[in-house]
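Visitor: Listed in order, the protein sequences are those of chains W and F.
Per the working numbering, the very first residue in the first sequence carries number 1; after that it's consecutive.
Per the working numbering, the very first residue in the second sequence carries number 1; after that it's consecutive.
Treat the hints as calculated values from the structure; they're not laboratory data.
One thing to keep in mind: the hints can contain errors.
Claimed, not checked - Only part of the chain F face toward chain W is listed, based on derived beta-carbon distances under 10 Å: (1) S13; (2) M83; (3) R86; (4) G103; (5) M115; (6) A116; (7) A119; (8) R126; (9) V143; (10) V184.
Even for Gly, the Cβ is constructed at its ideal location relative to N, Cα and C.
Letter by letter, the chains look like this.
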Amino acid sequence: MTPSSEYNFAYLDEQTKRMIRRAILKGLAIPGYQVPFASREMPMPYGWGTGGVQVSAAVLTPDDRFKVIDQGADDTTNAVSIRTFFERTAGVATTTATPVATVIQTRHRIPEEPLTEGQVLVYQVPIPEPLRFLEPRESETRKMHSLEEYGLMHVKLYEDISRHGHIATSYAYPVKVEARYVMDPSPIPKFDNPKLGDCPAIQLFGAGREQRIYALPPYTQVVSLDFEDHPFEASKADHPCGLCGADDSYLDEVIVDDTGGRMFVCSDTDYCEGRQAAGHRGKDLGGKDAA
Amino acid sequence: MTPLISVKDITKSYGAHIGCADVSFDLYPGEVMGIVGESGSGKSTLLNCMAGHLRPDAGSVVFDTRGHGPRDTVTMSEPERRMLSRTDWAFVHQHARDGLRMGVSAGGNVGERLMAVGARHYGDIRDKAVDWLERVEIDAGRVDDRPTTFSGGMQQRLQIARNLVTGPRLVFMDEPTGGLDVSVQARLLDLLRGLVRDMGLSAIIVTHDLAVVRLLANRLMVMKDGQVVENGLTDQVLDDPQHAYTQLLVSSVLQV
Ligand SMILES: [Zn+2]
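Model the full assembly from the supplied sequences, consistent with the hints where possible.
Guide: In structure tokens form, the structure reads like this:
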């Protein structure tokens, strides 16, 4: 597909892309630090990943192969519309296959397939500030970051345990980056948290409405916050995937018929389809990989 | 003996209006200083200058820090000052809701200072919180309840527990009994007196209530129009006031 001549490559003008790239470079230089940037109006509503879209627009080159996932799936309305947007405005090749993608924009998941050097993972972020839950004043949270006053993050986890008997935060689980900045990893399930650290790919986080960009360069140390007597656990539903039999992937519970029948399937559709194509069958496909 | 805090020539103006002027005094470990005066006398301005909430126009506030001995807290860096205010210092606000997190359980409120200085064992933090709730006469069964469900007196006691849990060396109090019913005030005063005695607390208490200083303070400073008009041992000042304003203050209380 050729890009429409109405737009500059990847929609944003070069000046804007340079401004966003500067924010990205600053973010990479100070891992986990929220860099303000002048978010632009995008031809889609906030909540549709305008922050992620602007970051993708700033890093895409004509040679890239672009993938978009929404909660792990390539085929949701949101994922399809963002993919189509860049096919039109940048003319880049797209794919659903994680290993061949060079830029992956994601909402709420990290792909199961381990990422590699040279790949860029772009997160859509609704609320970049992990401290906001207990401290709504922006001036105060900025000060807390700059002075490393992070006791409040543990108050949040303390409240979780006192109310639920365990740390009930199951997504957007706060992390500490390179023993310095506390960061919200966006609403990924905490199952994905271990993949944030020591990752060969570049990870970029864009919050459009909140006008913040932050980043993790490759092989960054990322630690999930916890208590000595309530250690972090990357939990998931205790089932194998009904379709591909995988027992190491993050699962969605889906309703399969109108009598309330349910099954657990990989949230990462590309991973699941890849395993099925390789001959793996879960119990809901009558396979012998069934547990 | 080194003073715990040595205040010298503290001056703070708001434009042409003088908040407080040329206030100096030393407080030694284990002493409780009361500062009384009417509203507008400068006592709150002075307290906020000492506690690092306001930057004075002139003067120094030298605090004997645990790690580095006497340091001027006016000129030290903000991170150092904020560190002091969560370790060596405590601040009890008049309105408990200014000093509490109303959306956090009682245990979380008491535990916050512990976590702020690195406590990372949930069980230990909770045990300490429960211990402190009991010390301020709040039923341990309320540890998971939010302060919004507490009475005014309980909220104030919770604020005190939250402040004292890390064993601060100096407690600033701004009208700690203000706004409470008389019977509730009496109970709070008894509790504070017990804590001051048992912990050997050093404190600076700003109040307009002479009953509070009579009960809690060894020393008393009387302020009017931003100036200290009288300064001495509490009993001496209250029983034999020298300054005309203090005499008026004491007599008006006695007539009530
Ligand atoms: Zn699967």
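Visitor: If a hint holds in the structure, say so; if it doesn't, say that too.
Guide: Structure-based check of all given hints:
1. S13: Nearest chain W Cβ about 25 Å off; hint violated.
2. M83: 8 Å, holds
3. R86: 8 Å, holds
4. G103: It holds, given that the least Cβ distance between G103(F) and chain W is near 7 Å, below 10 Å.
5. M115: Holds, about 4 Å.
6. A116: 3 Å, holds
7. A119: Holds - the Cβ of A119(F) comes within 10 Å of chain W, reaching about 8 Å at its closest.
8. R126: 7 Å, holds
9. V143: 7 Å, holds
10. V184: Nearest chain W Cβ about 27 Å off; hint violated.
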